Every structure is written in structure tokens, then in C-alpha cells.
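Got chain W sorted already, so can you dock chains R and Z onto it with the hints?
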Amino acid sequence: MKTLEQIAAAVGGRLDGPPGLVLRRVAPPEEAGAEDLAFAKDERHLALVAGSRAGAVLCREGDEVGGRPAVRVENPRLAAARAVAFLSPEPTPPPGVHRTAVLGPGARLGEGASVGPYAVVGAGSTLGARVTVGAHAVVGEGCRVGDDTRLDPHVILYPGVTVGARCRLHAGVVVGAEGFGFEPDAAGPVGFPQRGTVVLGDDVRVGANTTIDRATFGTTRVADGAKLDNLVQVAHNASIGRGALLCAFAGVAGGAVVEDRAVLGPQAALSPDAVLGAGTILGPRAALASRQRLSNPGKVWMDAPPMPLAAWKRWTVGRLRSGRDAPSRGRQDLSMPRSRKDT
Amino acid sequence: MKTLEQIAAAVGGRLDGPPGLVLRRVAPPEEAGAEDLAFAKDERHLALVAGSRAGAVLCREGDEVGGRPAVRVENPRLAAARAVAFLSPEPTPPPGVHRTAVLGPGARLGEGASVGPYAVVGAGSTLGARVTVGAHAVVGEGCRVGDDTRLDPHVILYPGVTVGARCRLHAGVVVGAEGFGFEPDAAGPVGFPQRGTVVLGDDVRVGANTTIDRATFGTTRVADGAKLDNLVQVAHNASIGRGALLCAFAGVAGGAVVEDRAVLGPQAALSPDAVLGAGTILGPRAALASRQRLSNPGKVWMDAPPMPLAAWKRWTVGRLRSGRDAPSRGRQDLSMPRSRKDT
Amino acid sequence: MKTLEQIAAAVGGRLDGPPGLVLRRVAPPEEAGAEDLAFAKDERHLALVAGSRAGAVLCREGDEVGGRPAVRVENPRLAAARAVAFLSPEPTPPPGVHRTAVLGPGARLGEGASVGPYAVVGAGSTLGARVTVGAHAVVGEGCRVGDDTRLDPHVILYPGVTVGARCRLHAGVVVGAEGFGFEPDAAGPVGFPQRGTVVLGDDVRVGANTTIDRATFGTTRVADGAKLDNLVQVAHNASIGRGALLCAFAGVAGGAVVEDRAVLGPQAALSPDAVLGAGTILGPRAALASRQRLSNPGKVWMDAPPMPLAAWKRWTVGRLRSGRDAPSRGRQDLSMPRSRKDT
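Chains as they are written, first to last, in my numbering: chain W, 1 to 343; chain R, 344 to 686; chain Z, 687 to 1029.
Here chain W stands alone, though its shape is the one from the complex (with noise of 0.2 angstroms):
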């Protein structure tokens, strides 16, 4: 429960109503009751509001919101989201060490720390202030965790791994992993030992059961500010870029490099040692060749090999319609291709 006042200050917004309007929760106008802050982030939205009951609104200044209190603010979804984390914080789990876990002969912890259930934080680790470590996670020997960092239940660091403050990683995470490097041989593929690391930066997120693999040599970086989805795979030496999106199943390859800001679509990769430029949003399933250098900022690629959006619909539209007006044939005709070897 807060006043809007309170809420105008979190949010950085103008006051806009009655300061001690009291509030308990930020929701969607088509949700949002007499205690609730509505946010009108489109044209759209601004309709709702004005047949809803929600108690106050965030929008843009100008908005009409029918001598409703309001918070004036510039990008009214971004205003929601500090408005939630500031009325609604996430519980955090009571500092301290669960009488389950498993700490190795000099493991440190900050102030504040949280150690749950059956966790277990091996020799030599140093996790920060506030960081809570979730049931069953498994935080390898001689590991570095920033302050407020949290690792969700099930979240699985391998020796060596750094991770910067205030990060989170969801349940199923593993990080540090061995990456995927084989020489062939006569008596089939060796695997190349794995001996670097994976350092994350500050205010990183990844999403449940993302895998993000150890160098061979060096190191895997995810750099501030870079999040990550759900079931989205870092190979080994590959570096993500300060704020990097990647999507689910985004997959970049060993060596690969996503430049800051740049953007992963959904099931989008790069090949080893290809280059995704500062800024630039490779579309859904849209993939670079390996050692292919694509920077385009703010544009959106398609396809692989990838070609601006537009050009993709065009492209589009004279598949469909080739589809469409192909002479039919048996089924013969159509049957899928086969090796000569079979033929």
C-alpha cells in the first residue's frame, strides 16, 4: 500500500491527483478495481481506462483520462513496471543458512545471504550481500556471486564461474557446463578438454533451463544487462553484448559474438564465430553463417542467410503464391528427395 505521491517519486513521474491517494497494486485497465493503478500504455489501452474502475492511472501527459488521479510519465508501461517491483516486491527468502545445506571448507557469505534447502555451496566460493541461493542449487568450488544476485532452486554453477550483482537466474540454469569440441580421430570424435570459465555481468537474467557452456580456453561472457530467456543455449568462448535480448531457444554458437543491444529472435542463432552487430534484431529463426559479420542497427534481418524484413515479405509473397499456383501433381512428383545412394 502506497500514496500516489509515494508512487510518483518511484517512478519518476508527475504528480497528478491527490497525494495520499492509497494504492495497493499496479493492473491492466481491464482488471485494475478502485484500489489499483491502471497504466494506458496505447490509444487502446486509454479506452479501457476510461470505462474501468481502476483507482488512479499512469499515461502521458495530454492523455485524457477523465479528471482521474493520475502519474504523468513519459513511457507509462516502463512507469508500470518500477510501479509493480515498488508496490508489489518480490518476497526474498529469510537471510541465513538452511540447516540442510552443504558449505565447503571456506565458502564466505555477505551479509544478508540466503542459503536454502539441500543447497550446496562448494570449497572456497564467495557469494555477496543479500544473495539468495534457491533450494537444491549447486554453487561449484571457488565461484564469485555479486551482491543481490539470486539463483533460483535447481540453478547449477560449475566450478570457477563468476556472476556479477544483482543478477537472476531462474530454476534449471546451468552455467559453466563443458562445451562442445571434438577432433575427429580414426576411433571416432575426441573431445576437447574444457578449461576456461563463463564470467556474467552485473544485472544479467536467464531464463529456466538456459545453458551457458565454459570456454576451452578464456572465458564466456554475458555482459551487464544482457537477458536471456527460457531453454537458450551459449556456447563455448561465445560473448553477448550489454543488454543483449536473447529469445527462447536462441542459440549462439562457439566463438559467436552479439554485440550490445543486439537482439535474438525466437529459435534465431549465429554460427561459431559469427557476429551479430551492435543494435541489430535478427527476426525469429533467423540465423548468421558462421564467421558471417551482419550489423544493421535497429533494423530487423529474416531468414538465414538473413535479408531485411521487407524484403523477406516480398520474398514471402511469391512463395505463397508459387505454392498456390504450381500445377498440381501425383504423389509421386512430390515425394521428398532422395540420395543418389538410394536412387
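Do not take every clue at face value.
List time: in silico EDC-like cross-link candidates among lysine to aspartate or glutamate, alpha-carbon distance up to 16 angstroms [unchecked claim]:
1) W:Lys41 with R:Asp528
2) W:Lys41 with R:Asp359
3) Z:Lys727 with W:Asp42
4) Z:Lys985 with Z:Glu945
5) R:Lys384 with Z:Asp871
6) R:Lys384 with Z:Glu869
7) Z:Lys727 with W:Asp185
It is worth saying that the hints were derived from the structure and are not from the lab. None of the values given here were measured: they were computed from a predicted structure.
Below, chains R and Z without anything else, positioned relative to chain W:
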């Protein structure tokens, strides 16, 4: 060990042989011995049964099985599924709470529930009758799990999640992690806190290492009877309909809707707020764009943007021909496209 | 710390320098110091070695290294892999059973086996000599694990699974969960119970969070020396051949066969009962349709249905051109296709 008569009753078929014949298990015709019940799902299987040593056979009315004892049914493979469950029920762990399990205050367990080694059940959670919680599974605070549901080892339910009755969640499933939503800000992307929840209906099946995110506001839903394969991603505020099937690597983005009995093939995807209509089938790797709606019950659509299967097959014939017929060019001309910045 | 002579013996190379020269570790030429052994896998590396401070170098016969101490080999990268394993062996946990581990009745451990904190080994399971079971790993009842195999933290083996010798399973791997098979019924899909098992051969490597399902009947097989990356899916009754390589997000559907030394690139897929012939390479995201067979040893095939790499490159040239040259159209004409139902 059951009699042919008991089996006929269990699968809802017509007894066509000695009622007292004792059978041990179901087997495919290639492997069936004298104590086994084979099943003939098609002509090929029927021929195999003829040459097999099977003690009895599940087949259709009118199928010629050379006088062999039989149970006559409409769908032999469906009957076989029921007969396997009847003859070879999956072992269930003994009821009771393992001495190493950690139960939070106010956690309630139904009759016959089983909580395995090192499992953690959070404060205020309610487990129904005969629920099994596998080793190291974590049920967050305030969760509800319906009767006869099985949570396999290492399943994670974040706080506040609801799971219906008779569900099966395989190892490594994560339900209720934060959705992936961000607002751009000068200093980088700001996470939109995710304060909604997840509700799974009854008879839902979730494969190993699949992730289902909690909603931003409101609820991410998976309705009764939906079946999800391994390594599937269901994002915040998505809705999966009754009896829907999602194959491995299928992805359903934020707010997208899979209507009842719709199917996503492997690697198929819905972009944010897309809708796949009831009974419509997205083939392997087919995808809908944001807000796109596709409804065509019983039909298969391929690729992205999707086209009907027959049109896609025609298109691929042209594609393969153009690859074959295009004049060969020097390596230069075949190079990957580069952005203007780079050239 | 080993001598040049010891290293030459370990990698099977020719000593070309002072036998007693002591070296500490292997490093790429850019990072190598006076106590390091650099390796020159190609011309570019060789030039880097020339300007490096490396104490010695792994290189080919005839490579010019300016009189620097060397070990001469046929394949410097393969030799480097062996030298890393020799100079910097991965630390192994101490033998013995952690006081918190839970061993079921009849579980047997070989000499030198190590069972970590909170690991669970089911009744009747057999672990070979020097097997390591990481923290929180779960070995179900009746499993068998061969000598020198490493199960990393949080690995799950469902009951009855067999793993060979010298395997490495990374964190979060799930072996033996139920396959994804259903029969349609009026009330919705009915799961076909999965009563088969999984057998992994010797020297198999499985990446983090990869899933390998048990067979419906019979056995899902991964043969000796096969290497699987992170987040791979192997479905029920699939068969993976000797020395096969499966990259991240590769998917092998039910009953499909990957023959010996075949390769699935990232996101590549086999549909049910498809066969990828020995030594054949499916490039990134290439896929075979159900029951399709492709056999073309040593050749790369792209896309789905697949075509040879050279043909695919020709096709992409035409595709990029058609996107560039097609007349621009209004937004209307570029809209995504909708089904007849919706229009």
C-alpha cells in the same frame, strides 16, 4: 498376469477366445511370445502377427488372425495403450514422507501421498490424495496439486502455481518462472515484474525440461488433457487448450493462444498474441507471426508464414528444382549477404 | 607440470627440442607464456606462434617455428586435446559416499566410486569403478552405470536405464523419461504407456539439459562414442549410431535412426522413423520427413526437404534476389495469409 476376459473388459473389446487364457504383457508382434498379447494396428502388423508366437492378439472385427485368441476392438493401438496400463501398471512409490523431505508450515498432504528424498514442499501448499512428489522436487509456497498427480524427480513449481488432477510432470520441468518481458530504457532493458500465476488443468502431461512461465498479470493456462513434449516453452499469459499437443521444441510466446485439440509440431512456434484455431495443425517448424490467427480444423499448415501442406509440397518441388538448375557460380557470388555498414 | 618428452609420448608425437623442458599447461598462441605449450592448428595460428612467448609448440612436421622447442604431430588440435587432458586433468571428487547421500537397498558401488551430497541411488542399481555421481543426481532403481562414468550434479536416470563406461552426462540431463506417444480418443489424447528402456554405450557424452526418452517397447539406443550437445532431444525408440554428433537443439523423433558418424547440425531434426545414413551431415536446421532416408557420406545437406549444400547456396542466391527485386507493395498485400475460415 490377467486373463483374456479381464483384458477384454479393461479395453472395452469383444472377447474372441478362451476367457481364462492368462497373459503377461503387451508386446509388438515382432517381439511377442506365448504369454504375450500382440496388437495389430495396421495391415503390416497383421501380417507380422500371423507369423508371430503371440498368445493372443488385439485386432479389429473381421481381421484374419488364423484362429488365434483375440480381443476385437475398434482401435487396436488405443486398446493396446489401455492394456499396457492394465497389465503393466507403472510402479508407484510407497505412500509417506521420506525422512529427508522438508515440509513448510501449513503444508497439507492428501491420503496416500508420497514425498520422496530431499523433496521440499513450501508453506501453505496443498497436495491431493495419492500425489507423488519425486526426489529433489520443489513445490513452492502456496501451490495446489490435484489428486493422483505425479511430480517426477527435480520438478520445480514456483510459488502459487496450481496443478490439476492426474497430471504427470517429468523430471526437470519448471512451472512458474518469470515471464520474459522488458521495457527499453536508456540504461538498458528493464524487466517487467511478473506477478501472475500458472494453472494447469487435469490430465495434463508435461515432458522433461519443459518450461511454463507465470503470467505478467493474471494467469498462464494449460487446459485439461493437453500434452506437452520435452523441451517445450510456454511463455507468460499463453493459453493452451484442451487436448492440445505440443511437440518437442515447440514455443508459444507471450499471450498466444493454442485452442482446443490444436497441434504444434516439433519446433513449431506462435509469436506473441498469435492464435492457432481449434484442431488446426502447425507442421514441424511452422510458425504464426504476432497476432496472426490461423484456423483450419484437421488441416496441416507448413512453414512461416504458413501455407497448406499441399501448396508447400508444390513449392518445395520448385525450390529443389531451382537449386538444381541455377547456373553454378564462383564462390564470390554465393557469399552471404552483408549489411551496408560492412560493405 | 610435465616435460616436453612426457608430452610427446602422451600425444604420440615426435620430440623436437630439449626433453627436460618443463611445461605447465596448453594455451592458444595469443595467450601462451614461457611455461605454456601453444598449438598451431593452421597457417594463421602458425604466424601467431611466431610472435608469441610460448615455451614450446605443437605443430606439424615441416612447420617453421623459428627453432622453438616443438612436438611434431599429424593433427595439432587433436594433439592439443590430448595434451590438455594430460597436463590439466579435470579434478575428480574424492571417492566415497557423502553422509547425506541416500542409497537404496541392494545398490552396489564399484571401487573408488564417489557419490556426492544429496545424491540418490535407487534400489538394486550398480555403479562401476570410479563412477562419480554429482550432488543431487538421481539414479533410479535398477540402473547400471559403467566404469569411470561421470554423472554431473542434477543428472536424472529414470529406473532401469543403462549407461556404459567412460561416459560424461552434464548437469540437468534426463535419461529415460516417458516417450511422447498418444492415441486420439473421443475424450482427448490417451498416452501410450512407455515400458521400454534406454541404453547408452561407452564413451557417450551428453550436454546439459538434454533429454533422452525411454522406448515404448524395447530400447532407445545411443551407441559408443556418440556426442550430444546441450538441449538435444532424443525420442522413444530412436537409435543414435557410433560416433554420431548431435548439436544443440537437434531433435530425433520416435523411431528415427542416426547411423554411425552421422551429424545433425544445430536445430536439425529427424521426423519419426527417418534415417540419416552413416557419415551424412544434416546442416543447421535441416530436417528429414517421416520415413525419409538420406545417405550421402561426408556430404552436407541443407533445409527441409534437404538439398545438397551447393544447390542450397544457388537457391539462396535466387531467394535473396527475388526479395530485393520484387515490386514493393502496400502493407495490405504483404499481410500474413489467413485461413478461409477467417477471411
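Hint by hint, here is what the structure shows:
1. For the suggested pair lysine 41 of chain W and aspartate 528 of chain R, the alpha carbons sit about 15 angstroms apart, so the restraint of at most 16 angstroms is met.
2. Only pairs whose Cα atoms come within 16 angstroms are accepted, and lysine 41 of chain W paired with aspartate 359 of chain R is rejected, the gap being roughly 68 angstroms.
3. Simply put, lysine 727 of chain Z and aspartate 42 of chain W have alpha-carbon atoms about 57 angstroms apart, too far for the 16 angstroms limit, and the pair is violated.
4. This hinted pair checks out: lysine 985 of chain Z and glutamate 945 of chain Z have alpha carbons roughly 14 angstroms apart, not beyond 16 angstroms.
5. With a C-alpha separation of about 15 angstroms, the suggested pair lysine 384 of chain R and aspartate 871 of chain Z falls inside the 16 angstroms cut-off, and the hint holds.
6. Using a Cα cut-off of 16 angstroms, the hinted pair lysine 384 of chain R and glutamate 869 of chain Z holds, with the two alpha carbons roughly 11 angstroms apart.
7. For a cut-off of 16 angstroms, the pair hint linking lysine 727 of chain Z to aspartate 185 of chain W stands: about 15 angstroms separates their Cα positions.
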